[in-house]
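Participant: Here's the letter readout for the chains.
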Amino acid sequence: PAHGVLHLGRPALPEEVVAWDIDIRPDGKGLPEGSGSVEYGTEVYEAGCAACHGIFGEGLGRWPVLAGGHDTLTDERPEKTIGSYWPYLSTVFDYIRRAMPFGNARSLSDDDIYAVTAYLLYLNDQVDEDFVLTSENFNSIRLPNEANFIADNRQSEEAVASAGEPCMSNCFPEPAVVTERARILDVTPDKDSDE
Amino acid sequence: MGRRKIIAGAMGAGLGTVAAGGAALASVPTPDPLITEVQDWNRYLGDGVDARPYGRPSSFEKNVVRRDVSWLTADSKSSVNFTPLHELDGIITPNGLCFERHHGGIAEIDPADHRVMINGLVDTPLVFTLQDVLRFPRENRLYFLECAANTGMEWRGAQLNGCQYTHGMVHNVMYTGVPLKYLLAEAGVKSRGKWLLPEGADPSHMTRSIPIEKGLDDCLVAFKMNGEALRPEQGYPLRLVVPGWEGNMWVKWLRRIEVGDQPWHQREETSKYTDLLEDGRARRFTWTMDVKSVVTNPSPQAPIRHGRGHMVATGLAWSGHGRVKRVDVSLDGGRNWQHARLDGPSLSKSVHRFYYEFNWDGKPMLIQSRAIDEQGHVQPTKQQLRAARGVNSIYHNNSIQTWLVGNDGGVENVEVS
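Residue numbers (the numbering used here), protein chains in the order written: chain A, 1 to 195; chain B, 1 to 417.
Don't read these hints as lab results, they were simulated from the structure. Heads up, some of the hints might be wrong.
Not everything, but these chain A residues come out facing chain B in the computed CB check (under 7 Å) [as the list claims (entries may be wrong)]:
no.	residue
1	Ala51
2	Pro78
3	Asp152
4	Ala176
5	Val177
6	Thr179
Beta carbons: idealized from backbone N, C-alpha and C, even for Gly.
Build out the structure end to end from the sequences listed, making use of the hints.
Facilitator: Structure, rendered in structure tokens:
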């Protein structure tokens, strides 16, 4: 073969790349042709998604909540959903296409995914009930929390960047006091199984 | 069987004698029947070499197992379990005990059916079979793999009793693999190629964006762990090794690497593995696992049973920034510290074993460990991390752990101030 240094492997065929390369970027690169309405998305969602995620995206049991939670990110218990937290719509389409429904991945058509993505926008109050999501208008949708992601700046934290010799003796004046005990919560499994 | 029962009874009596002798009571020493009597295993033949083609631990070690916490997740197929750190020593994690984290269960793949594709901004998109991968030059490296969420349940307070649960989403094995840069060189990365997207073959089709500098630096495409093939739950037949970086990026069942000019902002780097701060903003691309340590013995699952006197405290330390240079241990909740002793290989981005030998006076202790890495990062307290980040970051909790040792030798997960 002509390629490479050790000449191992073989050229990938276009059909093979198309079959596996399904990722989509925030700028829309990778989006397939297609469209889907909120109305049809309701059908897709209720048939394939609602059993875990709830009719309104509220999440049943411990299954993920998909809608709601707006303005809760500074709350004691934030609700991080597509509408309240996710930065990009492309991730919604991409992730549903690669991994959902849970236990039956890669089973939805591109149009099904456009439709269910439109429905999730509707559940999150981002579009009206007559909205149709298409490969053309996809990039015009912006999710509310896009601007609130920042780069890793942990090195700017004193606790992380701290170089130099730490205290070795008499580091605080009074003896340490216990303030929290895991035993009180008693949520550890198998607590009697050791030894 | 009658004889076995008698021996078991004698065994208990023997242990009692030893304990009483240790307490320096003025009792007359009695001979230990485990020594004076011939035992079954001294007399009768054991299994032959044909009995155990793939050996397993002694039946007396049946408690040394991975454990899960069922209330953590909605389904065991997208969940996590924990390495029994309190039962292990040294720095190598046995393959069968390495914690598991799956998002779509364990993919069972015939290696003959596995394919690896490289596509995107390359001169020649390629497909490799496993046999092709095995023809590249190999390297052997020891690295820790820590889940970004390790210790994540402890952000708000002391919650789970046992270092297996609080710190057991980490393992450390020797990988044999091909440097990723060799595979990329075969395809020929175009000059615009700045990012890599590894993808798994499992039903979650796990994807993460990785800057190409990291991929060309020290990433491996591994096919062995601790000398044998990867376990299915660790990505058999191929996984990505991303030294020092959060475990989520170590894509298992690796089937594709795409080269691009921008990150993809996949679900696992937007919805997940982003770290919410107190002001409502969230950090993304928090790749490196910061310096961390934990005392594994004593710990809540490993209480002190031998009474007062000379004892060995031990634990693990690691840093995604390089080698661990030093570990300090405190017995009084961080007021005073002593240097622990590092033992065994000190390798970059691998766990280190430390020991602290001392004379326990039988009084309650608040045991802590504090690691310092070769770049001078000092493991922070939980208060320091909370002051900087709040309590909703979920990931990257590398704070100092406190164990309360009671005067009975029992141990609890606590917080101190």
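Participant: Which of the stated hints cannot be reconciled with the structure, identified by number in ascending sequence?
Facilitator: Failing hint: just 1.
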